[in-house]
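Novice: Read top to bottom, the protein sequences are chains F and S. The opening residue of the first sequence carries number 1 in the UniProt record's numbering; numbering runs sequentially from there. The opening residue of the second sequence carries number 1 in the UniProt record's numbering; numbering runs sequentially from there.
Keep in mind the hints are simulated off the structure, nothing from the lab. Quick caveat: nothing in here was measured; it's all calculated off a predicted structure. Where is the CB? At the ideal position from N, CA and C, for every residue including glycine. Any given hint could turn out to be false.
[To be verified] DEER-style ranges, computed between Cβ atoms: (1) S:ARG38 - F:ARG56: 56 to 64 angstroms; (2) F:ARG5 - S:HIS36: 14 to 22 angstroms; (3) F:VAL245 - S:ALA52: 21 to 29 angstroms; (4) F:GLY291 - S:ALA52: 20 to 28 angstroms.
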Amino acid sequence: MQLYRLTAHELHDLLIKKEISAEEINNAVFDRIEDVEDKIGAYITRTKESALESARAVDKQIRNGEAITPLSGIPIAVKDNMCTDGLRTTASSKILSNFIPPYSATVVKKLEAAGATVVGKTNLDEFAMGSSTENSAFFTTRNPWDTQRVPGGSSGGSAAAVCAGEAVCALGSDTGGSIRQPASFCGVVGMKPTYGAVSRYGLIAFASSLDQIGPFARDVTDCALMLEAVSGHDPKDSTSANYKVPDYTASLVNDVRGLKIGVPEEYMAEGILPEVRVAVKKAMLLLESLGAVVEYTTLPHTEYALPTYYIIAPAEASSNLARYDGVRYGFRAADAGDVIDMFMKSRSQGFGPEVKRRIMLGTYTLSAGYYDAYYLKALKVRTLIKQDFDRAFEKYDVLLSPTSPSPAFRFGEKVDDPLQMYLSDICTISVNLAGIPGISLPCGFVDGMPVGLQLMGKHFDEGTLLRVAYTFEQNTGYHKEFPEVIA
Amino acid sequence: MITGKDVDHVALLGRLELTAEEKEMFTRQLNDILEHFRSLERLDTENVQPTAHVLPLQNVYREDQVGQHMSREDALSNCPDRDENYFKVPKIV
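From just these sequences and the hints, can you work out the full model?
Specialist: See the structure below:
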């Protein structure tokens, strides 16, 4: 039995039947990492010793007849922009390459409290800025379905790790699609929860009004288990919502009868690869055949989402990244004269090109004389985009679209043209602007590469998204496909 | 239209020192990106309220009581240069 191919809930069943041990599970995953990591490059840091130690503690609990949680002993990867106490956390940036946080992010603490074993920290686009993981300051992660192609970004390391069997589940962060787009490219399930549903405490901030942590998993059931484990109010985070976390596993019902699903025309228009559109239309027909009411609708301000996002996100980023000055932590340039020179040199040598581009863009749009024309204007358009969703959700329970206009692209294809790269987030960014939840799950293959289906829901209605996603998954078999990982 | 002079000014505000190649590249790319943003001008947003945040935010306060906090050693553990219990930086004035 190849344990690294199983889901968390399958492994949990075997654990409680005492057919396997948590240590065996973790060893199987680390063996898999040994086998394929040189072809994939998912991890910046691996934590075998501490993972095995946690696994042995779970095995002891089982031996003692103590109850374990659904994630106990399950190997989980964490994107390297979430702080881990005593464990290097880099955000894939030279400026943080030697940073060892003295505290853990709330999500990491929650996973550890749930008994999960953290197997390592995964690669990302520097400071989560990018759509391909080509912007990492360290190395590029490869797509397990075709190593000549990108895994997506910015959580490419987490998506690739889950896809290749190098972790059972993972955490990513999503500012404009950075969980859903790599989930789509790698053929796994990825969810961006409602803004505020999961604590951001300990997440290295990119754009504070948009960033949200969420799970990667191989199926919808694991996604629900992960979501439940990390959700909830956190008094340490002023952007955390005070709400009662629902029982997400109760939403895993194979039934969509009576649900109303809207398909925004703007997400199926020109620019979406015809084969992707075909896969999504098949998904629409399937859900309709299962009893959902599926019809086209409109989100009229969709075309303005991209410029709105690429004004707001860099503006917030330029402010958040002002803290990297080489004084208290991070990289400091060696040859500085005075303190301003030290700031300038440390930042210039420490940040990569995409980060500098966004600092420049954000600083420009926030600067005197341009604030009203760009930033304030974008905040107002954000209102219009949010109102589009509010109106749509008066009529529909869920909205459905492709996750990305195309399957994973090849390395270098877009890296020199930032605008083209930004366009690959076209189907996902509105969700972040509106703060609603979104999930991506596999809905087919084009030329051997996975295609993602995106479902979007009302604020805090992750349950309905999980129900539709689960029904789709139970009536298809795409999530069971596994890549061979051939370099 | 963004000029090289604008790029220099913005780089200074962002505390970035650009090479000649970076300056040329950012001038071109920022012009392309900002040109794309001009589509927003088509929208009338005269009476639209801005959305800075989708949630009503509240500051996180705690009681003013002595409690557990990060130790001085932990706080200083990542600093590139220190002098006993201080962060050390080059001369300011």
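Novice: Evaluate each hint against the coordinates.
Specialist: Verification of the hints:
1. S:ARG38 - F:ARG56: 56 to 64 angstroms: holds (60 angstroms)
2. F:ARG5 - S:HIS36: 14 to 22 angstroms: violated (43 angstroms)
3. F:VAL245 - S:ALA52: 21 to 29 angstroms: holds (26 angstroms)
4. F:GLY291 - S:ALA52: 20 to 28 angstroms: 41 angstroms Cβ-Cβ, so the 20 to 28 angstroms window is violated.
Violation of the numbered hints given earlier is confined to hints 2, 4; the remaining hints are satisfied by the structure.
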